[in-house]
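*Asks:* Heads up: the protein sequence lines correspond to chains A and B, in order. Per our numbering, the very first residue in the first sequence carries number 22; after that it's consecutive. Per our numbering, the very first residue in the second sequence carries number 22; after that it's consecutive.
None of these hints come from the bench; they were simulated from the model. One thing to keep in mind: the hints can contain errors.
Since the list can't tell identical chains apart, any single copy or any two copies may satisfy a pair.
Claimed, not checked - Cut-off 25 angstroms, straight-line C-alpha distance, at most; resulting in silico cross-link-like pairs (DMTMM-like, lysine to aspartate or glutamate):
no. : residue 1 : residue 2
1   : K79       : E253
2   : K71       : E561
3   : K285      : D428
4   : K145      : E257
5   : K245      : D264
6   : K254      : D264
There are 2 protein chains.
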Amino acid sequence: MSHPQITFRKTKFQGDSVLSKRRQTISRTTVRAQLEQLRSTGRYDCFKLKWHPIYEDKSMWPVPFHLFWDSDIAKWIEGACYFLADEYDAEIDSTVRELVCMIRAAQQDDGYLNVHYTVVEPDKRWSNLRDMHELYNAGHLIEAAIAHTEYYRNGLLIEPIEKYIDLIGKQFGPGQAQVRGYPGHPEIELALFRLYSVTGNTAAFDLAQYFLTERGNPEGQDGKHYYDWEREKRGESPWLRSDSYPMHGNFWYCQAHAPITEQKTIEGHSVRATYLLTAVADMLYLSQKDNRAIPNTQAWSDALYRLWDNMVDKKMYVTGGIGAMAQWEGFGIDHFLPQGTDEGGCYAETCASIAAMMLAERILHLDLDGHYADIMELCLYNNVMTAMSLDGKAFTYINQLASSEADKSVREEWFWCACCPPNLTRLFGSLGGYLWDHGSEEDNVFINVHLYTGAELAFEVNESSVTLAQKSNWPWEGKTDFQLSAPSSLRTTLRLRLPAWAKGAYVLTPPPSPDRIKIEKGYITLDPAYVAENPAFSLEVLGFEPRYLSPHPYTNQRTLSLARGPIVYCVEDADNPWETNHFKDVFVRTDSPVTEKTLIDEKTGEDYVALQSKCWKQAVSNRVLYPIEDDCAEPRDLVFVPYYFRANRGGRGQMRVGLVNGGIESGIIFPERE
Amino acid sequence: MSHPQITFRKTKFQGDSVLSKRRQTISRTTVRAQLEQLRSTGRYDCFKLKWHPIYEDKSMWPVPFHLFWDSDIAKWIEGACYFLADEYDAEIDSTVRELVCMIRAAQQDDGYLNVHYTVVEPDKRWSNLRDMHELYNAGHLIEAAIAHTEYYRNGLLIEPIEKYIDLIGKQFGPGQAQVRGYPGHPEIELALFRLYSVTGNTAAFDLAQYFLTERGNPEGQDGKHYYDWEREKRGESPWLRSDSYPMHGNFWYCQAHAPITEQKTIEGHSVRATYLLTAVADMLYLSQKDNRAIPNTQAWSDALYRLWDNMVDKKMYVTGGIGAMAQWEGFGIDHFLPQGTDEGGCYAETCASIAAMMLAERILHLDLDGHYADIMELCLYNNVMTAMSLDGKAFTYINQLASSEADKSVREEWFWCACCPPNLTRLFGSLGGYLWDHGSEEDNVFINVHLYTGAELAFEVNESSVTLAQKSNWPWEGKTDFQLSAPSSLRTTLRLRLPAWAKGAYVLTPPPSPDRIKIEKGYITLDPAYVAENPAFSLEVLGFEPRYLSPHPYTNQRTLSLARGPIVYCVEDADNPWETNHFKDVFVRTDSPVTEKTLIDEKTGEDYVALQSKCWKQAVSNRVLYPIEDDCAEPRDLVFVPYYFRANRGGRGQMRVGLVNGGIESGIIFPERE
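With the rest of the complex left out, here is chain A (with noise of 0.2 angstroms):
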C-alpha cells in the first residue's frame, strides 16, 4: 500500500509554502468552483441516464463530448475525498454522498456501469476499446472508489466497481469466452494495480497484468490485431479515422503498434503513455514485493527504463513539459521540441506532467535515484503548477513555452474535455504522499525524501509513532531543518535527494562524520547512528544561483532559459511591456550578469523570487543583411518569474521560456533580397 493516493495521509502540510498555498487554494476555492462547473454543464446530473441535449451533437466523431463525463465525476469524487481528509466540509461530503447514490443507481443488472453505452448506444457496448473510453473511465471510477473507501470506510462506491471489474474481467482475457481487448486509452490498468494493492484482489491484478501483456499484440484476436478485428466487426474502412490519427493504421498513438516490451521510443499521446508505463512500474514493483511472478520481468523492466530514458532524454521540454503534437496530444519524434504554435508545436498537456510524475514516483520505488525524484520535481513546479492560476479558479490544458498571436499565454475555466482541472485536484489531494516514502523490518526504519518543503510525516513501526518533520522555504532557499522523534529501539536511516543542479554541494548540519553518510544515486544516506544522535539536523541544498538551460544540441532549439532551483523561469510582458512579438526576436547572452529579487506581488499576494538579466533584439528581416553588432548597442533589462507564475496578472499574453543564445554570429539571411 504504498501508493501516495493512501499514503499521503501520514503526511500533513505545515507553514505556508508554496506547496501548502497551492493545496490551500485547491481546498477552499477549486474544488467548489469544478463542482460548479459539472454542475452547469450537466455533468453532474450524467449518472441519472436522462437525455441531455449534447448527446446529439454529432459534430464530433467518433469520440462525442459527453465521452469522459462518467471520469470528469469519478475524478471530482476521488479529489473531494483527498481534501475531505485534510479538512471536513459538510456540502462536498453530501454532494460525494449524493454522486455516489447516483453511479450505484446507474449500474445495469449485469454490472454494466457506462453513461454513453447506457444511453446513447445501448446496442454498440465493448464495440470500439481503441476510441470510447469505455474502460478509461471504468478506471476512473475504480480510483474514485479506491478514494472512496478509504475515507468513508464504507463499500457503497467500491462494491459496485467491484462487481463491474468482474464483468469487464469476464469480457476480456485470453480465455475462450472472451476476447483479445484492451483499452485504447490506459488508466485502468493502473487503477487495478491499486484496488490490487489496497484490497488484495487478485483478479485486478491478473486483469491489468492481461492488459499490458495483450496490448500491441499483431495476432491477437483471430489472428488480427485487435483494433482492426474491432474495426471490421464495426465495417469500417481502415482509411475512416479521427482527426487524432494523421495516418490510417497509425496505432502508436494509443501505444499499441508493438507490444509494450518490444517499443523502442516512446510514442503517441503522451497521457497515455505514462499511465500505461505507470502501470508497468507498478506491476513489476508489486510482482516484486508479493511475490508474483510474471513473465519476462527483464523484458518489461528493460521497456520501462528504455521508454522512460526516451522521454526524458529526447522528448521532454526543459518545464517536464511532454508532447510536442497537438494532433495527437502526444510526442514527436526524438528532440522535436519547438516552444510553440508558430515553430510547429508544443502540447505538454498538464495531465502527461502529472502522469510523468506518478511514472517517476513508481519508479523510485524500484530504484531509488534522485534523477526520477528530479524530473518529478521538475514537472511539479513547472509544467503542472503553471496549470492552475493561482486563485484556483482558471486553468490551462496545454502548456507552451512560448506564446504566438494564435495561442497567446492564457487560462480557461474549463474545458469541454476536461480532464486537466480535476487531475490537479487529484495531485494536490494526494501530494503528501509524493514527499517521501518509508518502510521498516523488525527494527529498521528508513525514511526517502523526495521534495522539501514544510511537512510532518507520521506513521507507526511495531505499535510505536516514528514522526519526521521539515521545515523549510523551498524553492526559494535550499535549507530544511529536520526533526525525527522516534523510539530508540529502532534504527532509522534517512535518504535525502540532493538535486542534480546543486552538482553535489551541501552543507549538512551537524556535519556527519565520512562514516555516517554515503551520497549514492543522488540520495545522501544518513546512518542510524548520525539519526540517533542528531534528530534534529538541517540539509542545505547548495546551488540556488540562477542559472541557463540550453535545450539539446538536437531540439534546433539555440536557446537559452534561466532556472533557479527547482523554477524555471519564463518572461512575459507583464513585466516587460515593451514587447510586441512574444520575445521572439529578443536575444540573452550568458555573460550578461542576471540579478535576483524576492517580490510579492501585489495583485496576488504571492511571494516570489524575480530575476533580472539584459537582452538586446535580434533584427530580423530577410531581404537584408542583419549585423547583430549595431542591435546590441541598446540592451533593455528583461525581467524573469517563474514559469508557473504566467498568466497571473494581465498582459497581453505574451511568454516565452527560452529566448535566443545571442552567442550566435551574425549571419547571411537567405533568400537575399535587395
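The hints should help you fit chain B onto chain A, whose structure is shown.
*Replies:* Frame of chain A; chain B shown alone:
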C-alpha cells in the same frame, strides 16, 4: 507564344557548360532509360486498354498505383519531342508515333480519354475530382499534344486531345448543364493556357479561367464546397480520407480551402500549388497581352505575389527546395524548414522546384525583376540538378538537405509515382526557353538575358535574322562574352541579369558611358546605342567568392551553408570519410578561411569547384556539460562539393547542406544527469 516550351527551339546550346552536358546526357541516355522503365513496368501499353495485374492492387486508397500512367506516357512524349528537335533519333521518333496511335485508339466515342476510368472503373468518371487525377492526366496529354504538334506539324495528337477538352468543357463550368468541379491536382490550367497561346483556342482559355475562379468556392455546387458535394454523392464519411490529409476536410492539401484570390499563404501539396500559380501568372500575362479582360485582375495579381513571397521568404530552402512535409508532399507552417527526416521533415520534391522555375519564368513576363530569375537559377542549379545522377540513369524524388540513417542520400532508377524523372526531361528539353526572352515592336528589339551559359539565340524581326550568342564558364566563373548580330536598322536593347548575390558588382567591357546603361530591379539595361557600337562585349558578374548562407532566424536553423555563385554546396562522406553521424555534430565557423580548387572528378569526368574549410566536432550528450572550447582543439579539414554532385561517387549516403554555426556559446544541456 512566349512559353519556354515553345521558344526553346530558337536557342542552341553551345560548348560544354554544365547545362549543355546535362542536356546531352538526358538526350543520349535518360530519354531511353525512361522509355525502358515505361516498357518494363507496363505503362507503355496502358493505352491499349487491356487489363494489367497492378489494376487489382487495392493496397493504396483511393489513388491506385497506376492512376498517373497516362501522364507518365504524356510527359515522356513531350520530353522526347523536345529532344527530337535537337537531334533526330529514329527509334525515339517511331516510339512517339506508336504511342500516339495507341492514345488515339484509346479515345472513347464521346472524346473521353483516361485509362483508369475506361478500363478499371468505367462507371465512375468524374466522381472524385479531389483525389483521382483525371484532369491532371488530361493536362499532361494537352502538353504532350502541343509538343507533338510543334515537332511533327500534324494534328495526330492534338486533334483527339482537343476533342477531349471539348468534353471536359461540357462537363465543368458555371452553366446549367455543367457541374462546378475543378481538379484536385492542378495542371490542366497551365496546359490549357498554353494551348490557347499556341492555337488561339479561346474555349481552352475560358475553361482554365473557370477552373481558377471556381477553385475553393465554399458554396460552388448546390450550396456546398464541390469536394463535399462529390464526397456526399459517393456516400463517403468526411472522416474517410487518404494519408495525404492529416485531418478531415483539409482542402488546403489541394489549395481549395478558399478561393485563390483570398488565400493568405501558400499551402498544401507543393507541386499542385506551384502549377496552380503558374496558371494564375499565365492568365494575368495572356489577358494583358491579348486584351482579354478578366474580373478582379488586381486581386489575382495580389494573390500571385502574396503567395510567391510567402513561398520564397518563409517556405523555401536555401537549395530552392520547397515543401517541408512528407505527409502531404508540401508546405509546412511559415519558417518550418527542417533539413531532414530526423528533424521532422524536408521533402523538397524535384517536380516542385521545376514548377517553381516555371512559375518564376511566367512572372518574369509580368515583372522583369532579377529576384524571380535568381530563384529560377537557384532551383535549377541546386534542387533540380541534384535530382538526376551525372550518368542520367538515377533520380531523386525528395531532396533533403541532410541525410539520416532513415533517409540516406541515395538515388533510385524509377518510382512507382514517376512524376519527377520525366519532368527533368521536359525541363532540360525546353531549357533554352528559360535562358532569355525577347520581343520587338517595329524596329525596337529587346532581349532579356536571365541565365548565363554557352548558347545562341536566333529569331527573326521584320524578316531579318537577329542572333545573340553568349559564351561563359558559368556557374564557375562570372564572365560572359556576348556577340550580337542584327541588322543596323534595328534598335536592340539588352537586359542582363545581375544576381543579388553579386551585390551590384560587375564589369562591362568595353565600359559604357553612364547614359548608355541603367540598372533596375536586378537587370543591367544596355541601350541600343551601346549595343550597336559594341556588338561584342563582355559582362563579368563579380561575387564568385564562397559565401555563407544562413536561414532566417525563425527557422530555428542556426546553420551555415556555403555557396559560390549560383551553386549551393554540401558535404558528403565521399570526401570526408571520417564522418559517421551525417555531419550532425560537425560545426563550422565563419572565421575559418575557405579555399577553393577546380577539380575533375575521376569517376564521373565532371569538372567542378570544390571548397575546403575547417570543422570541429561538438560533444553531444545530455548527461554532461559540454564545453565546446575543449572540442575546438582539433579542427578537421572539411571538403564541400556542389549539392547537385551528391550521391554520384559512392560513399555511405551521408550528406548535409547546413552545418551547425559554431559561433554559438556553449550551454548547459538539459536535463542534467550524472
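*Asks:* Now tell me if each hint is right for this structure.
*Replies:* Each hint, compared with the structure:
no.	hint	verdict
1	K79 - E253	both (22 angstroms within a copy, 17 angstroms between copies)
2	K71 - E561	neither (58 angstroms within a copy, 84 angstroms between copies)
3	K285 - D428	between (33 angstroms within a copy, 19 angstroms between copies)
4	K145 - E257	both (14 angstroms within a copy, 22 angstroms between copies)
5	K245 - D264	both (24 angstroms within a copy, 22 angstroms between copies)
6	K254 - D264	both (21 angstroms within a copy, 22 angstroms between copies)
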